[in-house]
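> All chains should be modelled from the sequences, with the hints used to inform the complete structure.
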Amino acid sequence: MGDTMTSPALLDVAGITQRFDVSKPWLQRLIAGDPIRVLRAIDDVSFSIAPGTTLSLVGESGCGKSTMARLAVGLYTPSEGSIRFAGQDLSAARAQPALRRRMNMIFQDPYASLNPRWLVTDIVAEPIRQFRLAQGKAAIRARVGALLTQVGLTAADGDKYPHEFSGGQRQRISIARALASEPDFLVCDEPTSALDVSVQAQILNLMKDLQRRLGLTYLFISHNLAVVRHMSDRLGVMYLGRIVELGAAETILRTPRHPYTRLLLDAIPDLDHIGRARTPVGGEVPSPIAPPPGCSFHPRCPLANDRCRQEKPRYTVVDGVQIACHAVEEGR
Amino acid sequence: MTPLLEVTDLTVEFPTRRGTLRALDQVSFSIGAGEVLGVVGESGAGKSLTGAAIIGLLQPPGRIAGGTIRLEGERIDTLPPDRLRRIRGRRIGTIFQDPLTTLNPLYTIGRQLTETMRTHLPISESEARDRAIGWLDQVGIPAAAHRIDAYPHEFSGGMRQRVVIALALCAEPRLVVADEPTTALDVSVQAQIITLLKRLTRDHGTAVMLITHDMGVIAETADRVAVMYAGRIAEIGPVSDVIRNPAHPYSRGLMDSIPSMAHRAERLRQIDGAMPRLNAIPAGCAFNPRCPSVFDRCRSDRPVLLPAGNGQAACWLHG
Numbered sequence: 001m002g003d004t005m006t007s008p009a010l011l012d013v014a015g016i017t018q019r020f021d022v023s024k025p026w027l028q029r030l031i032a033g034d035p036i037r038v039l040r041a042i043d044d045v046s047f048s049i050a051p052g053t054t055l056s057l058v059g060e061s062g063c064g065k066s067t068m069a070r071l072a073v074g075l076y077t078p079s080e081g082s083i084r085f086a087g088q089d090l091s092a093a094r095a096q097p098a099l100r101r102r103m104n105m106i107f108q109d110p111y112a113s114l115n116p117r118w119l120v121t122d123i124v125a126e127p128i129r130q131f132r133l134a135q136g137k138a139a140i141r142a143r144v145g146a147l148l149t150q151v152g153l154t155a156a157d158g159d160k161y162p163h164e165f166s167g168g169q170r171q172r173i174s175i176a177r178a179l180a181s182e183p184d185f186l187v188c189d190e191p192t193s194a195l196d197v198s199v200q201a202q203i204l205n206l207m208k209d210l211q212r213r214l215g216l217t218y219l220f221i222s223h224n225l226a227v228v229r230h231m232s233d234r235l236g237v238m239y240l241g242r243i244v245e246l247g248a249a250e251t252i253l254r255t256p257r258h259p260y261t262r263l264l265l266d267a268i269p270d271l272d273h274i275g276r277a278r279t280p281v282g283g284e285v286p287s288p289i290a291p292p293p294g295c296s297f298h299p300r301c302p303l304a305n306d307r308c309r310q311e312k313p314r315y316t317v318v319d320g321v322q323i324a325c326h327a328v329e330e331g332r
Numbered sequence: 333m334t335p336l337l338e339v340t341d342l343t344v345e346f347p348t349r350r351g352t353l354r355a356l357d358q359v360s361f362s363i364g365a366g367e368v369l370g371v372v373g374e375s376g377a378g379k380s381l382t383g384a385a386i387i388g389l390l391q392p393p394g395r396i397a398g399g400t401i402r403l404e405g406e407r408i409d410t411l412p413p414d415r416l417r418r419i420r421g422r423r424i425g426t427i428f429q430d431p432l433t434t435l436n437p438l439y440t441i442g443r444q445l446t447e448t449m450r451t452h453l454p455i456s457e458s459e460a461r462d463r464a465i466g467w468l469d470q471v472g473i474p475a476a477a478h479r480i481d482a483y484p485h486e487f488s489g490g491m492r493q494r495v496v497i498a499l500a501l502c503a504e505p506r507l508v509v510a511d512e513p514t515t516a517l518d519v520s521v522q523a524q525i526i527t528l529l530k531r532l533t534r535d536h537g538t539a540v541m542l543i544t545h546d547m548g549v550i551a552e553t554a555d556r557v558a559v560m561y562a563g564r565i566a567e568i569g570p571v572s573d574v575i576r577n578p579a580h581p582y583s584r585g586l587m588d589s590i591p592s593m594a595h596r597a598e599r600l601r602q603i604d605g606a607m608p609r610l611n612a613i614p615a616g617c618a619f620n621p622r623c624p625s626v627f628d629r630c631r632s633d634r635p636v637l638l639p640a641g642n643g644q645a646a647c648w649l650h651g
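Line by line, the protein sequences give chains A and B. For what it's worth, the numbering used here labels the leading residue of the first sequence as 1, then goes sequentially. For what it's worth, the numbering used here labels the leading residue of the second sequence as 333, then goes sequentially.
No wet-lab data here; the hints were simulated from the structure. Hints should not be assumed to be uniformly reliable.
What the hints assert, rightly or not - Some chain B residues near chain A, calculated using beta-carbon distances under 8 Å:
#1 E374
#2 V519
#3 E552
#4 I575
Unchecked claim - From chain B, some residues computed to sit far from chain A (all C-beta separations above 10 Å):
#5 R349
#6 A397
#7 R402
#8 T434
#9 Y439
#10 H478
#11 L532
#12 P621
#13 L649
Note that beta-carbon positions come from the ideal geometry of N, C-alpha and C, so glycine has one too.
Given below as structure tokens:
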């Protein structure tokens, strides 16, 4: 799937903003005279995902990608803007079991996301029971067995507890659970970053196989650009709650245009650069509580000028890719 | 010439109620003066344990059950704890993954630096403070003379790791053991820290044992690489050989499973299965159940490190 979307989007995110109140407690604020402090985790973000494709969001810690993941499945209600799933408003969609079961989530930590006191069968069967997708013990067991086989485990693994499995196998259980409600949309928040590389390869291959076989749509969240490149059709690069570059993954990774995307790509240690001598860009991601005015990347940007310090950049479209950068717009 | 660090047949065991677990099994390697040796492997392969054994910080009940560790020709694995403490800090510096747990939250970073230097070097308090400011300046802390009296919590993660590097290098050790020094950091900060570590150790002629699971970091930083698997060294050799032309089937599988930025494959090549647990390491080569090139001898005889290309591999394919 390229940049032009022929079919209607499965997920459509339009101008959403997510604010969190991170003020100190009321009494403390009263005594110390502190103001109310608001963290803008997501700032005017729009994107859409066509059925059967993968959109990835990348960025460093604190850029808002995990908040976006939670918003996309309705775990948060956005402060502003709208999210539509299969043509319906997300909060309305979540109220209907028929639509609610079509979205699910895979989390980063396979140790924390599985209940250690439950048998694997019960973990995987929970969504089946919840949505009444199979009736009777035998039917549920058969379905769980099929799901476990689908993710590369065996039906007999259902009679074990999560602690009896390795990290990679646990992530397979998480995937089986996510598939149990027969969804077509999965939000994957750093699904392999807790895993070793050889296991990561197994899980990424499994996810791609499942996507092809079941026609799944993924919103894939990661900080690892090489993983993202492997998985994505489209890519959004996030910085301080905004998407700074959005478009076809191949195009962005081949010709990154936003200075931050270029910084990220340049910063990755790669096997093809043995003994590379580099001049890394200085600075770190500023606090999202008090982001810099104008373009929030300007304090670290080699191309910044006065306009960048004052005016928030709008999107410029180059080669089908949206880029929020004054320098790109002016051809600097 | 004797190497700076020479580890021979190092074996570490953990006695448990169900028998003894051998976590490191006859690990041998050496590091030359000023050399960067990368140690890679998956979780549980024994890379951090090797580092901990060298600096004498094995967590009980883990113990060295065999082998020797020599620093500049002197045996250090049998030294009493107080003698070893003099070596740690003075001749071997350490950098750990999490700078927050390395730094003492109750002392200013200046005090931690001067205390470290005065413990190991015959210098006065004011001299130590001057040098501490110099070190903070070298590791890229802006306004070092002012920031020296700040506490660790006043620094960001990347800045804290810079302080930890200053702390590891300030007594001018000959060797630094760096265990996942950039894993807790974001990529753009990671690039800064790697560059810094490379530059400072080169300027001061310090050797580095760089333990990480990130092959990209190794590729950019190390001179030689040791690949560990199930408590053993599978392959050791020059970095370009191990990455471009690995001699051990495990290292080959590991390199192939890393998604590349340069080209996109429809499927990643994967090594099926997982590393064995310590209580279930198979006879012969520990990798044999997962190895695509396995033959009879691999199931019965354990391979020793054999010459392979410019390095060595513990694989009967080279026997």
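> Would you mind marking each hint as holding or not holding in the structure?
Right, here's what the structure says about each hint:
For E374(B), the interface hint holds, since its Cβ comes within 8 Å of a Cβ in chain A; the closest pair sits about 4 Å apart. A least Cβ separation of about 5 Å between V519(B) and chain A falls short of the 8 Å threshold, and the interface hint therefore holds. Satisfaction of the interface hint for E552(B) is found here, the shortest Cβ-Cβ separation to chain A being roughly 5 Å, below the 8 Å cut-off. Checking I575(B) against chain A: minimum C-beta separation of about 5 Å stays under 8 Å; hint holds.
No Cβ of chain A approaches the Cβ of R349(B) within 10 Å, the least distance being about 18 Å, so the stated non-interface status holds. Non-interface call for A397(B) relative to chain A: holds, since the shortest CB-CB distance, roughly 26 Å, exceeds 10 Å. At the 10 Å boundary, the C-beta of R402(B) stays outside the reach of chain A, the nearest C-beta of that chain being 28 Å off. Look at T434(B): its CB is around 19 Å from the nearest CB on chain A, clear of 10 Å, so calling it non-interface holds up.
The Cβ of Y439(B) sits about 24 Å from the closest Cβ of chain A, beyond the 10 Å cut-off, so the non-interface label holds. Listed as a non-interface residue, H478(B) keeps its Cβ farther than 10 Å from every Cβ of chain A; the least gap is roughly 18 Å. Against the 10 Å criterion, L532(B) stays outside the reach of chain A, whose nearest CB is about 14 Å from its own CB. No beta-carbon of chain A is positioned within 10 Å of the beta-carbon of P621(B); the least distance is around 14 Å.
Annotated as non-interface, L649(B) keeps its C-beta farther than 10 Å from every C-beta of chain A; the closest such distance is 19 Å.
Figure legend: structure checked against the earlier numbered hints; every hint is met.
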